[in-house]
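Visitor: Starting from the given sequences, assemble the full structure and let the hints guide the process.
Sequence order for the protein chains is A and B. Throughout the first sequence, residue numbering follows my numbering, covering 4 to 510 in sequence. Throughout the second sequence, residue numbering follows my numbering, covering 187 to 505 in sequence.
Treat the hints with care, since some could be wrong.
[To be verified] Derived, one-sided and incomplete: chain A residues facing chain B with beta-carbon distance under 7 Å:
1. 117
2. 118
3. 167
Keep in mind the hints are simulated off the structure, nothing from the lab. For every residue, glycine included, the Cβ atom is placed at its ideal position computed from N, Cα and C.
Each chain, letter by letter, is given below.
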Amino acid sequence: MNTSAEPILPAYPLEPRAPSVWQTLSNALIITRREVRDSLRDWRIIAPIVILTFAFPALAQFVASQFAGFVEGFGAELIGDRMIPFLLMIVGFFPISISLVIALETFVGEKERRSLEPLLSTPLTNTELYIGKTLAAMLPPLVSSYGGMLVYLSSLVYGDLAWRPQPLLIAQIILLTTVQALVMITGAVVVSSQTTSTRAANLLASFIIIPMTLLIQGESAIMFLAPDAESPNGIGALWAIITGMCVVVVLLLRVGNSIFNREELLGRTIDSLNLRTAFRKLGRAVRAVDEQGSLARNLADWYRRGIRLSLRRLGLATPITAALFVGVLAAGSIFGMVSDWQLNLPRGLDLSGVAGNLDAYASMFFGGEVVSTIFWQNTRILMGATLLGMFTFGSLALVLTPAVYFILGYVVSQVMLAGYNPAFLAPAILTHGVVEIPVIVLATAAALRLGAVVTRPPKGSTVGFAWTVALGDTIKLWIGLILPGLLLAALIEAYVTPVVVAAVIGG
Amino acid sequence: MIEAHELTKYYDDFRAVDAVSMDIPSGEVLALLGPNGAGKTTTVRMLTSILAPSSGWAKVAGYDVARQPEQVRAHVGVLTEQHGLYERMKAMEYLDFFGQLYHLPASERRQRTLNLMERFDLSFALDKRLGEYSKGMKQKLALVRAMLHSPPVLLLDEPTSAMDPQSAKQVRDAIVELQRDQRTFLITTHNLTEAQQLANRIAIIRHGRIIASGSFDELARRFTGVPLMELRVRGELNGLAGDIGDMVSVEEAGGNWLRYRVHDPETTNPQLIRKMTALGVDIITLAPLTQTLEEIYLQVVKEDEAAARQKGKDSEHLG
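Guide: Okay, here's the thing in structure tokens:
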């Protein structure tokens, strides 16, 4: 070692700068610059980017002009015209598919090469790392994508076809390309944080590629078939897809930001699935009666403390769900007031005759097994909502079950518009609804929490642990309250509601 | 400078670190020793605010590892178990990148990089891609990265493991120099000779628990007993062991040598020398027998294993 008299290191380090949005972005960009530079040194990334930016648009232009000429010969110019924006979308999509490769490489690859820990040891925050790496995975493919589209568009506009596109359609395709890149990268972050090898990440990436391919097929069909394909306002269905994808991006960003943390990245060392351990933990979560995970002493203790704990943990999910149900009911009523959607029910009917036929109506709807049919029907819907909620961050749980209340609101408005007092519906709904409605709200809230918990696990808790606890709470509520409640509601609906309705209508 | 109190870390149900407490004042080197999987790396990761403790607390450079992670990381230099370099980058570029993450101004980044690279004899490789570096060079560069922001605390995981003897000495010299500059070190290592040379204090961790800690002398005294002295004389001892039996406890004796244990060598040894001189015995040497950290380490682990076995038996009996 050189033994100069100078101290080996100067005085102690600079203090970390005060957090601010600008500082966060500035720190993130340090990561981005390095990653982009590193990506651009890799010929395996550069080669496809260059080919897809310059060669593929030329090929697409050639195909478009050949195809347009061919279909013109059969008087089907429309097909040729619709083919052009479709190819534009494909020209834009192919380069962004590389973003998935880069994202998986920058996250899992770095983890695999053990170069992540030195980076995690710096004063960067998780958010700065996440933003920096996400931008780095996005930039080269997006630049290539925009470049490719520009090359293709230029050749269309200035070439033989002299195509004059609708500006908003072009804007839609650019937006679609951007949000698709975002969805793939944010999805890749989620995948990469849950795996420890590039191989495993590549296998799991099919969960992103397959839905994205299906989406592209759907978008292609829309571009060909949409009645507003030539509209100066763009294609309505594509706006809807862009909006939906933006929501998905926000949700995935939240999930990504919450699981892209040092704990998740370094704590996970093996990918193996240990079902026995997983079930054991779930079993403990179901039997837990307090935050420390103490197990219930007996059934009474489980009901008294365990169920109360699970109800408390639902937190805001319960009021949000209840408010949504009320809102949806009101929306259904308002929707029913729109003249185009009114049923125009016959007026002045004598409802007392209906009362005598309630049993016949019941057997028509439910067959002979009224209680089991009602119970199974409600159980199936709520289980479906729970399953859908699990895979959609809770969002579809808030679509499926409230839909019934939208219809109910609509029916009430139609009854009122036909001049009847809607109060007669009250016994038909509320007699068993007193039990059923709270149970449905509870099941929906549990499904919402189960799906949404991965987007924001409680502080100090990993995603896996938070999800296991939420699943345990959901099972607990199903066993302790939802299934018994649905059974009780079905019994009331089968045996008590018809009597009350008959008494009121027959009144 | 590093304070930890009952620091505990669970991975699911597995307790990787179990109530680890330590207090390393400024300018001290603590060597954390232990078998693979003992919890050394997890402890270091908690002290770097990379992993959150499940319970307990720790402060590094005055900052709480759980509540002020960015401040902790700004004041800590970490050499990770795997050097984890970006192999397509050149050294200058690599260190500049890390310098930016610590908000060092451009001129400072350049100056520190040049100084440190020179100190560790790496100047010749400044423009080489890191993929071309040898294992030892990579290790040294990783150490330069850990020092670049001039941290008051350095947490080094196996700092010389991949190095040739000359490079290892460079690193040890740097540690000694930085220690004089009041920097604090926590070193995890399997190289017990190095730990003995560098550390003011040693902690032995096993199954996530610190089973012994203290200075080398304290550990030696506690686990291998009072120092063993060896006396060599001219000619034969001829029953001399019996004559000094009232002063020291003789452990072994040969033709012209004997070994004895003594609680208070500073008082007893001069008396012993006087007595032997009076008896007409010529003393050739009187010196303590050197104990190595390896002996102490093995003894500590052996005692812990025995204690664990006994505990197992006790619980079987109770069961």
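Visitor: Would you settle whether the hint for residue 118/A is holds or violated, based on the nearest Cβ-Cβ distance to chain B being less than 7 Å?
Guide: 4 Å, holds
Visitor: How about residue 117/A: closest beta carbon in chain B under 7 Å, or not?
Guide: Holds: closest Cβ of chain B sits about 4 Å from residue 117/A, inside 7 Å.
Visitor: Under 7 Å, Cβ to Cβ, is where residue 167/A needs to be relative to chain B, so tell me if that hint holds or is violated.
Guide: 45 Å, violated
When each numbered hint is compared with the structure, a violation occurs for hint 3 only.
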